[in-house]
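Chains as they are written, first to last, in numbering that gives the first Met the number 0: chain R, 0 to 315; chain B, 0 to 300.
To be clear, the hints were calculated from the coordinates, so they are not data collected in a lab. Quick caveat, the model's predicted, so the values are computed rather than measured. The beta carbon of each residue, even a glycine, is placed where N, CA and C say it ideally should be. Keep in mind that a hint or two might mislead.
Among chain R residues calculated to face chain B with C-beta under 10 Å, some are [what the hints assert, rightly or not]:
1) V51
2) Y53
3) F63
4) S65
5) L68
6) T70
7) R123
8) K169
9) G171
10) A200
11) G201
12) L273
Stretch by stretch, here's where chain R covers chain B in the computed footprint (C-beta under 8 Å, at least three residues) [what the hints assert, rightly or not]:
13) 43-56
14) 62-70
15) 91-105
16) 125-135
17) 154-163
18) 223-230
Simulated DEER-style distance windows between Cβ atoms [said to hold, decoys possible]:
19) R:T27 with B:I284: 46 to 52 Å
20) R:Y74 with B:F107: 14 to 20 Å
21) R:R306 with B:V279: 38 to 44 Å
22) R:N26 with B:T213: 35 to 41 Å
23) B:S240 with R:P72: 26 to 32 Å
24) R:H163 with B:V279: 16 to 22 Å
25) R:L127 with B:M136: 53 to 59 Å
26) B:T252 with R:R306: 41 to 47 Å
27) R:Y314 with B:D188: 39 to 45 Å
28) R:P262 with B:F107: 27 to 33 Å
29) B:P277 with R:V49: 30 to 36 Å
Chain by chain, the residues:
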Amino acid sequence: MSKTLELPELPSQPIRSGFGKFFHWFNTPRGRRTITGYIFIGPFILGVMVWVFYPAVMAAWLNFQSWDLITPPKYVGLKNVETLVKDSLFWQALKVTSIFTFVSVPLSLMISFSMALLINTKVRGIALFRTIYYLPTIVPAVANAVLWAWILNTDFGLLNSLLHYFGFAKVGWLQKPQYALPALILMSLWGVGQAMIIFLAGLQGIDDVYYEAAKIDGAGNWAQMIHITIPMMSSIIFFNLVLGVIGSFQVFTAGYLITNGGPQNATLFYVLYLYRVGFQYLKMGYAASLSWVLFFIILFFTAIIFRTLGRRVYYQ
Amino acid sequence: MSTETTPMAFQQAQVGSFRKKAARRISISRMLILIVLFIGAVIMFAPFAFLISSSLKTETQVFQYPVQWIPNPVRWMNYVESLTQKPFFLYFRNTMLIVIFNQIAILFTASLCGYGFARIDFPGRNFWFGVALATMMLPYYVTMVPQFILFTRLGWMDSYRPLIIPYFFGGGAFNVFLFRQFFKTIPEDFSDAARMDGCSEFGIYWRIFVRLSTPVFITVSIFTFMASWNDFIGPLLYINSPEKFTIALGLSTYRSMMGVGRTRWDLLMAASVAMTAPVVILFFILQRYFIKGVVMSGIKG
Chain R
0 MSKTLELPEL PSQPIRSGFG KFFHWFNTPR GRRTITGYIF IGPFILGVMV
50 WVFYPAVMAA WLNFQSWDLI TPPKYVGLKN VETLVKDSLF WQALKVTSIF
100 TFVSVPLSLM ISFSMALLIN TKVRGIALFR TIYYLPTIVP AVANAVLWAW
150 ILNTDFGLLN SLLHYFGFAK VGWLQKPQYA LPALILMSLW GVGQAMIIFL
200 AGLQGIDDVY YEAAKIDGAG NWAQMIHITI PMMSSIIFFN LVLGVIGSFQ
250 VFTAGYLITN GGPQNATLFY VLYLYRVGFQ YLKMGYAASL SWVLFFIILF
300 FTAIIFRTLG RRVYYQ
Chain B
0 MSTETTPMAF QQAQVGSFRK KAARRISISR MLILIVLFIG AVIMFAPFAF
50 LISSSLKTET QVFQYPVQWI PNPVRWMNYV ESLTQKPFFL YFRNTMLIVI
100 FNQIAILFTA SLCGYGFARI DFPGRNFWFG VALATMMLPY YVTMVPQFIL
150 FTRLGWMDSY RPLIIPYFFG GGAFNVFLFR QFFKTIPEDF SDAARMDGCS
200 EFGIYWRIFV RLSTPVFITV SIFTFMASWN DFIGPLLYIN SPEKFTIALG
250 LSTYRSMMGV GRTRWDLLMA ASVAMTAPVV ILFFILQRYF IKGVVMSGIK
300 G
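Chain R with its partners taken away, still in its complex shape:
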């Protein structure tokens, strides 16, 4: 390892004054490097302090306050937590978001993994398929919401037209409480392309040597899948599972724009509720409590996933 250039030795008498000591240190390579390093990362660290650390601390403080931004904040102790536990909308939001996450994420992972496997079989036109499957994921969230609001339209939407072709009656996707969340889950499945290309890249990274050795030993396709493909892909699958869960818990735009939490709070996503409490009802303290609960819930589920499935992940 090469190091930075060493400067010639400075005078050997001990420097007495504080500034002198600093000046000495500043002129050593190590001192120079330290200063330079901190100059380079300085803006970022400053940013982290101001935009992340300080708000986090303030959020912790807010947790114990009641504040509507107009009148001064009032200390209320644990009352926010008490309100939270008694708030039926909180539980509803938690329920909606949990169902959404734990249905759409596994489903989407399974679909995208299967698609990746299919595409990986060197069929003609891989690039075209890849593009078509990935394109939906780059549609802006707002445009996506508007589009799907129209697709799910009861009277004139695409989905009901398709059902019509198969002889089914119209379904009130966005109007009936029992159908609204499934409709949004369906919408989320349109975006499997992103996970698919990640899996595809991972699959292509598995050395053929393994498969050849397995074939020589007489392993069929299914055995190859279980003993080679899945273990080698397990770290990628796991990573995308965790990211997927974390991301799904924070869905906002779709809920806000398509159904605005309705009908009858059937699609009241957690962050949507948080937004309402904080910015429509102006209950800053309670909103902070909600956001901390969200944080801990995500942490909790992440920990569970790490404990259960994390054990079985194979790292190279």
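Chain R is already provided as a structure; the job is to place chain B on it using the hints.
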């Protein structure tokens, strides 16, 4: 003609027909896979087709059930109408303003910071990098409310400042992480040679690393563009005057605007296409970097 039935010829004939049978067997499963993929592709593409076809229909046609795929006549006026009913070009200009500032800010600060972490060995480097990684774990929504309060106190409400200025300070640990990983792959020899020629650290960064890192810059640039272009909750929170709206915000208000009578879905679809088109065009130009970026973030984690 007498055909020699020597063992060799016989064997070859056997292998030949076996190969043909095997080839046919393989091609059946290949066909099946192709069919499934094709059906999937049709399903994936259907919403796009619906989007575009609805955007070109007349008002009466768009309210037909079941859906007619091909509009007749094709109404290009929808685009003109929907983009002028609301000052769409104003929104476009506003959004581009934010996007461009963010690009410059992030590319500069995140790469500087990534260079610092990758290439300068200073005490506390690992600690601060750990801190950076830790910030990625905190969801946006935990800091959303306090940040709002902070910006209100600073008097930055109803301006673009909350949407731009934070990015001048490193813009997200993720981008810093990407730069750092890439910079680490550049050989030390370059830095050493430059230092021997008397180059400062910033000079090394600027003259060597930036020149060598075009792929990363493009990837980060794409990510930043997408994030700024699509950003909805940011403008929702911090922009109140209609003339400052971004495209995302503008499109979201179309629906309420058309509340009287029936919602003009044809115009809505046209506006949605207008919002999506630039992103799609960007994708087709920079496909390689899109895919590479997504894959990198999905695997290297």
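Tell me if chain R covers the stretch 154-163 of chain B under the three-residue, 8 Å CB rule, please? Since 0 is below three, the answer is violated.
Against chain B, is A200 (chain R) within 10 Å by beta-carbon distance? With a closest approach of 4 Å, the A200 (chain R) hint holds.
Do Y314 (chain R) and D188 (chain B) keep their Cβ atoms within the hinted range of 39 to 45 Å? 31 Å, violated
Cβ contact check, 8 Å cutoff: the stretch 125-135 of chain B against chain R, three residues minimum: Per the Cβ count (4), the hint holds.
Hint validity - L273 (chain R) Cβ closer than 10 Å to any chain B Cβ: 6 Å, holds
Do the beta carbons of R306 (chain R) and V279 (chain B) sit within 38 to 44 Å of each other? Holds - the Cβ-Cβ distance for R306 (chain R) and V279 (chain B), about 41 Å, lies within 38 to 44 Å.
Restraint: G171 (chain R) near chain B, CB-CB cut 10 Å. Satisfied or not? With Cβ-Cβ at 14 Å, over 10 Å, it is violated.
Hint check, R123 (chain R) versus chain B [nearest Cβ-Cβ separation less than 10 Å]: At about 8 Å, which falls below the 10 Å cut-off, the nearest Cβ of chain B leaves the hint on R123 (chain R) intact, so it holds.
Has the hinted range 46 to 52 Å been met by the Cβ atoms of T27 (chain R) and I284 (chain B)? Cβ of T27 (chain R) to Cβ of I284 (chain B): about 49 Å, so the range 46 to 52 Å holds.
Falls inside 53 to 59 Å, the C-beta gap from L127 (chain R) to M136 (chain B)? Given range 53 to 59 Å: violated, Cβ gap about 38 Å.
Is 35 to 41 Å right for how far apart the beta carbons of N26 (chain R) and T213 (chain B) are? 36 Å, holds
Using the C-beta atoms of P262 (chain R) and F107 (chain B), is the stated range 27 to 33 Å upheld? 47 Å, violated
In summary, the numbered hints that this structure violates are 3, 4, 6, 9, 15, 17, 20, 24, 25, 27 and 28.
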